[in-house]
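Going letter by letter, the sequence shown gives residues 4 to 60 in the numbering used here.
A couple of the hints might just be wrong.
[To be verified] The calculated lysine to any residue pairs, modelled on SDA-like cross-linking and capped at a C-alpha distance of 20 Å, are:
1. Lys15 to Ile58
2. Lys15 to Pro51
3. Lys41 to Arg17
4. Lys41 to Leu24
5. Lys41 to Pro53
6. Lys15 to Asp49
Keep in mind the hints are simulated off the structure, nothing from the lab.
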Amino acid sequence: MMKHLEYSIYIKQRWLDAETLNGANIQGIEPVYDAWRKEVISYLLDIPNPQLTPINQ
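Throw the hints in and build the complete structure from the sequences for me.
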């Protein structure tokens, strides 16, 4: 569980960095990013429907 928490914190920090440091306009695309993460993890780890914490939580 700790690894999952650390990964979740890492992903959230990178998300914030993209917005603040790069000036990226990422408002409102959280569902798209979450869907992409689920698809990639499902494909790479062969997990049919991985349960992931949404980026905005």
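Hints versus structure:
For the hint linking Lys15 to Ile58, the alpha-carbon distance of about 6 Å falls within 20 Å, and the restraint holds. Note on Lys15 and Pro51: the hinted pairing is violated, with a Cα-Cα distance of about 24 Å set against a maximum of 20 Å. Taking the CA atoms of Lys41 and Arg17, the gap is near 17 Å; set against the 20 Å cutoff, the hint holds. Note on Lys41 and Leu24: the hinted pairing is violated, with a Cα-Cα distance of about 25 Å set against a maximum of 20 Å.
With a C-alpha separation of about 6 Å, the suggested pair Lys41 and Pro53 falls inside the 20 Å cut-off, and the hint holds. Straight-line distance between C-alpha atoms of Lys15 and Asp49 comes to about 24 Å, which puts the hinted pair past the 20 Å bound.
In summary, the structure is inconsistent with hints 2, 4 and 6 from the numbered list given earlier, while agreeing with the others.
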